[in-house]
Each structure stands twice: as C-alpha cells, then as structure tokens.
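Protein chains: 2
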Amino acid sequence: MTRVLIVGTGLIGTSIALALRRHGVGVALADHDPDAVRAARRRGAGQAWRPGSPVDLAVVAVPPEHVAAQIHHLQRVGAARAYTDVASVKQAVIGAAGRLGCDMSTYIPSHPMAGRERRGPDAAAEDLFRGRPWALCPLPQAAAPARAAVLDLIGLCGAHPVELPAADHDQAVACVSHAPHVASSAVAARLAEAPAQALALAGTGVRDVTRVAGGDPALWLDILTANAAPVAEVLEAMAADLAATASALRGLPAGDRAAAETVAALLRRGAAGRHRIAQAGREGA
Amino acid sequence: MTRVLIVGTGLIGTSIALALRRHGVGVALADHDPDAVRAARRRGAGQAWRPGSPVDLAVVAVPPEHVAAQIHHLQRVGAARAYTDVASVKQAVIGAAGRLGCDMSTYIPSHPMAGRERRGPDAAAEDLFRGRPWALCPLPQAAAPARAAVLDLIGLCGAHPVELPAADHDQAVACVSHAPHVASSAVAARLAEAPAQALALAGTGVRDVTRVAGGDPALWLDILTANAAPVAEVLEAMAADLAATASALRGLPAGDRAAAETVAALLRRGAAGRHRIAQAGREGA
Numbered sequence: 001m002t003r004v005l006i007v008g009t010g011l012i013g014t015s016i017a018l019a020l021r022r023h024g025v026g027v028a029l030a031d032h033d034p035d036a037v038r039a040a041r042r043r044g045a046g047q048a049w050r051p052g053s054p055v056d057l058a059v060v061a062v063p064p065e066h067v068a069a070q071i072h073h074l075q076r077v078g079a080a081r082a083y084t085d086v087a088s089v090k091q092a093v094i095g096a097a098g099r100l101g102c103d104m105s106t107y108i109p110s111h112p113m114a115g116r117e118r119r120g121p122d123a124a125a126e127d128l129f130r131g132r133p134w135a136l137c138p139l140p141q142a143a144a145p146a147r148a149a150v151l152d153l154i155g156l157c158g159a160h161p162v163e164l165p166a167a168d169h170d171q172a173v174a175c176v177s178h179a180p181h182v183a184s185s186a187v188a189a190r191l192a193e194a195p196a197q198a199l200a201l202a203g204t205g206v207r208d209v210t211r212v213a214g215g216d217p218a219l220w221l222d223i224l225t226a227n228a229a230p231v232a233e234v235l236e237a238m239a240a241d242l243a244a245t246a247s248a249l250r251g252l253p254a255g256d257r258a259a260a261e262t263v264a265a266l267l268r269r270g271a272a273g274r275h276r277i278a279q280a281g282r283e284g285a
Numbered sequence: 001m002t003r004v005l006i007v008g009t010g011l012i013g014t015s016i017a018l019a020l021r022r023h024g025v026g027v028a029l030a031d032h033d034p035d036a037v038r039a040a041r042r043r044g045a046g047q048a049w050r051p052g053s054p055v056d057l058a059v060v061a062v063p064p065e066h067v068a069a070q071i072h073h074l075q076r077v078g079a080a081r082a083y084t085d086v087a088s089v090k091q092a093v094i095g096a097a098g099r100l101g102c103d104m105s106t107y108i109p110s111h112p113m114a115g116r117e118r119r120g121p122d123a124a125a126e127d128l129f130r131g132r133p134w135a136l137c138p139l140p141q142a143a144a145p146a147r148a149a150v151l152d153l154i155g156l157c158g159a160h161p162v163e164l165p166a167a168d169h170d171q172a173v174a175c176v177s178h179a180p181h182v183a184s185s186a187v188a189a190r191l192a193e194a195p196a197q198a199l200a201l202a203g204t205g206v207r208d209v210t211r212v213a214g215g216d217p218a219l220w221l222d223i224l225t226a227n228a229a230p231v232a233e234v235l236e237a238m239a240a241d242l243a244a245t246a247s248a249l250r251g252l253p254a255g256d257r258a259a260a261e262t263v264a265a266l267l268r269r270g271a272a273g274r275h276r277i278a279q280a281g282r283e284g285a
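Protein sequences, first through last, are from chains A and B.
So in UniProt numbering, the last one in the first sequence is 285, and the numbering has no gaps at all.
So in UniProt numbering, the last one in the second sequence is 285, and the numbering has no gaps at all.
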C-alpha cells in the first residue's frame, strides 16, 4: 500500500493519516472544509488531494449520513482501487450505498473502535487505534484485494481486525458502545441539577461511569439515530432492570427476601459481565 | 491526636490505620476475625488492641448493620473520648445508634468517599483517601472536641471534609455513588450474555462505564439496602429517561422531530452533568 486518500480530515480521518504517514505511506487529504485540510496538513498528515491516477485505498471518514454519497462519487470518478468508511453503524450505510448503486465488491465497510471526547484534526493522534479492535463487514460480493487493502490499513494503524456481518456489528455496538453511552448520559443527567454538596461527595466511580457522557450530543444523536432499533432494544432491557431494582428497593425495608434477591441478581449479573469484558480486554491486548 | 483505635481491619480500617501510622499516631487494631488483625499488623498498621485508658478516637469500620451495636459497646466500656464510623449510609446507622441509646455527643458519623474493587487488609493503602472527599454528619448535640477529632483524622488521611446533614448525605451518595453503581451493573449485565464477537468490539468507553460493576455484589446489596429509598428514587428517574429514549428511538426512523429532540435533550443534560462533575473534580483537587 503506497497511496491512500483520506476524505474527511476530522479526528478519525487525520489520526488514520498520521498512522499511515509514520509508515511512509503517501496520504492525500480531502474535506469539504478547506480549513480542516489545512489543519491536518499542519499536523503532518499528508498533502491536499489532487485527482489523478487511482490511489490504493480511499478512506471515507465523514458523518454516517454522507458516507454512501461520498463512496458513490469517488467510485464514479475512479479515485481508488478499494474503498472503506469508518462510520459507527454499518447496516444503514450499506443500505444507502446499495440504493445509490455503489459497487460493493470494492467497498469494504469498516469501523475502528476508538475515539476521543475532543474532535477535529487538532485532537488527532497516530496511536489512536493502537491495540484497539477495528470491525470490518465485507459483503458476500467483496473482492479479495479490496478486503486485503482494508486489513493492511488496520494493521498499519496498529489495530486488530474483527470481521463480522453488518447486522451483528450493529447489535454488538448497540450493546458495547451506543446503549452504554445513553446509560452514562442518564447517570450524568442526574448530576446536572444535583446540589453542589452532592457533587462535592463524588468519587472516582461516578467519574468513570459518566466519562463518555461528555461526548458531543449532536454527534451522538447522529450515531443513535443511525442505529435506532438495536439501541432501543438494549435500552429497554436496561430500563426494565433499573425499574425492577427500584421497585425491589422500595419493598426492602419490610424485609422482603424476594426483593433483596432481585437486587442481588442484577449486581451478580453485572459483576459477571464486568469480569467477562475485563477478560476480553486482556485477551485482546 | 496520639492514640486511635480501629475496629474492623478491612480495606478501609487498615488504610486509615496506615495513614495514621505514617504520621506517628499510635494505632490499636481490633476485629472479630483474628486473622484480619494479624494481616493488618503485618502491613504495619499498628498493634492488637488491649483495653485500657481511653484512646483519643475510635474508628468503627465494620459493615453498616453492625456499626450502632459496636459504637454502643465501645461507649459502654469507655474505649475512647470520641467515636466515628465509615459506613456509606448515615441515616440508618444514626437511627439504629439512637434506638440503642448511644451518646450522640461523642459519636460523629462520617463517610470517606474512597474504595477499591479489592477488599481486606491486604488491599489497604495509606494514600486511599488522599485528595478525596470525606463526609461528616454531626448531630446538633455533637460536642466540639469530638467533631475536632474527626476533622483531625480526615486531615491526617489527606482527605477534605464535607460537612452536611445525614439526610442530605444519603440523597447525595444515592445520586453520585449508589444509583450510578446500579446503572453500571445494568450496562454490564447486558455483557454477561452477549456474543463473544460483541465483546471483541468493546472499547475504553464501556470499560469505564462498567468498572464499578466489578464491586462485590454482597457488599453492594448491603449498601443499597441501607439507603433503599433515596437510591430507588434516583433509579426511577434513570429508568424513565432510558425508557423515554428507547421509545423515541423506536419513533425515529419515521423522521419524528419530537422524538429526535427527546434523545438530544438527554444527551445534552448528560453532557451538562458530566461537565459539572468534571469541574467539581478540578475545584476539589
């Protein structure tokens, strides 16, 4: 892989560009905002794109709702031999690409599982993806060279590939990312109107739980909207658990054994899930 | 302050003992389990307690349901000039102490806002409380010297005191600690039965959200039980937010503006709450 085009020089696009530059890959940069390209160039992320002979891979790092149109445009002008995107949802993007008539043999949808609270090229870091999972969701008609190009990209970024169908991806990220974000927001929302004295008692636990709630609300509305049904399903299960626990706690002062068991069961399931994800982290590291 | 008695040489009691030893304070150790005292002594936390002349302060670091009886016993034998406890709920403990006839002029209920996932004297650390808030909830009849002794203890542990009524304390910790723990458990519970592929996609965000869910379920059942009503109230509000968000997401694919606004509003409230607690941390540090 010698030449890559990055379309969208925000946090993710610029971080990918920096990782590729470190390996000596030629990087061309494009963005609808010329200031974003300039900022990425100042970071040493590459040069402004000048259409010419096709690059090895085009990485479309724009908001989910614009991915399909961008892929379609790039394929029409023959910008690259292979294409990928980095949107956090896959079924909606693939559906839109199909409706526009994109060539799904050279387009390999993907999603790096990394991010930061800050956005934009100035927040980019070449090690943003190091040691992180990076999902890829090739369709059955995917061409082997295109899939190989995306695997190359993932390797050059220091991430490890997780290949799975788009529907499984969307359910997985609802469970491990999108719904946890909403739960974090629901915890943090209580703190928005709590007395100052209550905040003074906050320890590290609630800071951990609410960290992701600091993410950009507009960006997250887009993400949740694009993965609405899988996220709703997980949120409904969480809401039911919290409501059942609240109801059991209301019954506890009377010494209700079944109520105590309801509360204990959620705590045990939570500890089991936490243990499992902590183990998954160790295996993945 | 020259001599302190620690009753209950678990994580919290032994950590307090280590912090006091570092300042040259004489520490006497007691626990219903002789092994726990031996383990704390091996850590250099002090010597086994031998009843004699009263110490300056007795710190009762036993599970909430045993605090009142322990304070009552120590006061009856005249073990100390002042008494405190470290239970994570205050109204229930104070109520029980009142019913037993404890002297509330020398007993100043308190609660250090610090902990670890591991328990026991071997997990203890002298810096466990450094820079952390430590609530104290003196009753109106509290004697000034007893209150001063607890403030001394807090200072020697490197923590900063937050004085507030017990009822306010219990509502505050429901909001900043107990309900966030249950929310973390509800997120982690989803991971207990998720496909391995989903766990493979987990990033740092969900690991942050679920960290506290790794806490001991039996210990947390005790904590939640002792603060049942305030926790239930916060959980009901969270469950309502999650259910409303799920319902709005179900309505989104049809392009429902009001539904999108429901989702966006929670994300914005969450970001505001997160900003507020991040600021509180900076001011407290």
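Among these hints, one or two may not hold up.
[As the list claims (entries may be wrong)] Computed footprint of chain B on chain A, listed as stretches where at least three residues anywhere in the stretch have a Cβ under 8 Å from a Cβ of chain B: (1) 95–108; (2) 147–158; (3) 205–217; (4) 265–271.
If you are wondering where the hints come from, they were derived from the structure by calculation, not from laboratory data.
Glycine included, every Cβ here is placed at the ideal spot set by N, Cα and C.
Hint check:
| no. | hint | result |
| --- | --- | --- |
| 1 | 95–108 | violated (count 0) |
| 2 | 147–158 | violated (count 0) |
| 3 | 205–217 | holds (count 13) |
| 4 | 265–271 | holds (count 6) |
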